[in-house]
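Engineer: Can you make the complete structure from the sequences, with help from the hints?
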Amino acid sequence: IALLSGTLKTYQRAACDEETMTLKCPPGTTILVEHAQYGRTGMHGISKCNSSVPLMITGDKPTNHTCIWPQSVQHSLLQMVVGVCQKKRQCKFNTDPKTFQGDPCPGLRKYIEVAYKCRPYEFRSKVACENEVVNLVCHPGQRVAIFSAAFGRTQYESLQCPQPLGVQEETCMMDFTTETVMQLCHGKRRCTVVANSTTFGRPDPCSPDSKTYLKVVYTCVPRSVLREQFEGGIEPDEAVMQEFEEGFDRADFRAEFSPSPNLEGPQPPPRDNVSRNFPTVSSSPPRARTNNDALRDDIGTGRLHTRFPTTRPLNRFLKTITGAESNVDIACHREAISPRIPEPYPIP
Numbered sequence: 001i002a003l004l005s006g007t008l009k010t011y012q013r014a015a016c017d018e019e020t021m022t023l024k025c026p027p028g029t030t031i032l033v034e035h036a037q038y039g040r041t042g043m044h045g046i047s048k049c050n051s052s053v054p055l056m057i058t059g060d061k062p063t064n065h066t067c068i069w070p071q072s073v074q075h076s077l078l079q080m081v082v083g084v085c086q087k088k089r090q091c092k093f094n095t096d097p098k099t100f101q102g103d104p105c106p107g108l109r110k111y112i113e114v115a116y117k118c119r120p121y122e123f124r125s126k127v128a129c130e131n132e133v134v135n136l137v138c139h140p141g142q143r144v145a146i147f148s149a150a151f152g153r154t155q156y157e158s159l160q161c162p163q164p165l166g167v168q169e170e171t172c173m174m175d176f177t178t179e180t181v182m183q184l185c186h187g188k189r190r191c192t193v194v195a196n197s198t199t200f201g202r203p204d205p206c207s208p209d210s211k212t213y214l215k216v217v218y219t220c221v222p223r224s225v226l227r228e229q230f231e232g233g234i235e236p237d238e239a240v241m242q243e244f245e246e247g248f249d250r251a252d253f254r255a256e257f258s259p260s261p262n263l264e265g266p267q268p269p270p271r272d273n274v275s276r277n278f279p280t281v282s283s284s285p286p287r288a289r290t291n292n293d294a295l296r297d298d299i300g301t302g303r304l305h306t307r308f309p310t311t312r313p314l315n316r317f318l319k320t321i322t323g324a325e326s327n328v329d330i331a332c333h334r335e336a337i338s339p340r341i342p343e344p345y346p347i348p
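If you count the sequence shown from 1, position 173 lands on 173 in UniProt numbering, and the numbers rise without skipping.
It is possible that part of the hints are untrue.
No more than 20 Å apart at the CA atoms, straight line, and that leaves these computed lysine to any residue pairs for SDA-like [to be verified]: (1) Lys-215 / Thr-180; (2) Lys-188 / Arg-124; (3) Lys-9 / Phe-230.
Source of the hints: derived by calculation from the structure; they are not laboratory data.
Since the model is a prediction, treat every value here as computed from it, not as a measurement.
Structural biologist: What follows is the structure, encoded as structure tokens:
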């Protein structure tokens, strides 16, 4: 990931204390926090955040232009920003000094500076056997981003390109494959790589009879997240893409969490996982049935005499629902007790 991160653009944000800072990335990428600092470094801080009290003057020079927080507090700030924002597409947090273990420069407004990158979070792989071709293509506005590449052979990952009959399995990998594939493809809209040693300009790392293969792990990222030297020019079929800061919140979040990167070619339509116009359903669990429920069910079927080993529970129940004393024999039938129960009986 270090090679890929080095090609990504670094974004910087600043906010005065007691303000809200927002970090955000375009679809398909998440925040990677690199640096966070809180303080007021030198005269340029005055133009960023005005002080709430007059500056202390000694002679002709102000003495408190600079306010740098202790290293422990700076580390606490970095941990907070990482905890709130790392691996998220957008985040917001307050820059109140009270959040960071007190204010070492009361009355002097300070600012927080954060540097971050927008890193892709999903990748796919392609494998080409010896002398075959790997084709990588992205949608308009997207560019190929190489995560890793390997050329040669491994004993544990060779099912797609089996050895010729009678050739023993082996592990043999060429060095600097990722760097070579990045030079060929990284930041391009489309590229083609042939899986042979000629592509990499070095001798074949495997024995002459072994069948080598090339595996490329990559994704497609918004052109805007790459550093200028990697983002490439705008192609004829690409409209002018606005910077993601100008309204990425309107993007379709289903595309952000699609099962595969945003690649060119036929793609299945996104599933609408949001159901509309469904009735409201209570999340409360159903009430557990009791003996009284079972008895009420039996009143309508004439099976009262099969539920009670004695007559006491039945008599108590009849007294509860009718308000009158009952003395029903256990062997009686429905006809003997039905006059005591109002019909129809409303079950609460």
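Engineer: Does each hint fit the structure? Answer for all of them.
Structural biologist: Evaluated hints:
1. Lys-215 / Thr-180: 13 Å, holds
2. Lys-188 / Arg-124: 17 Å, holds
3. Lys-9 / Phe-230: 10 Å, holds
Every hint, counting from the list given before, is met by this structure.
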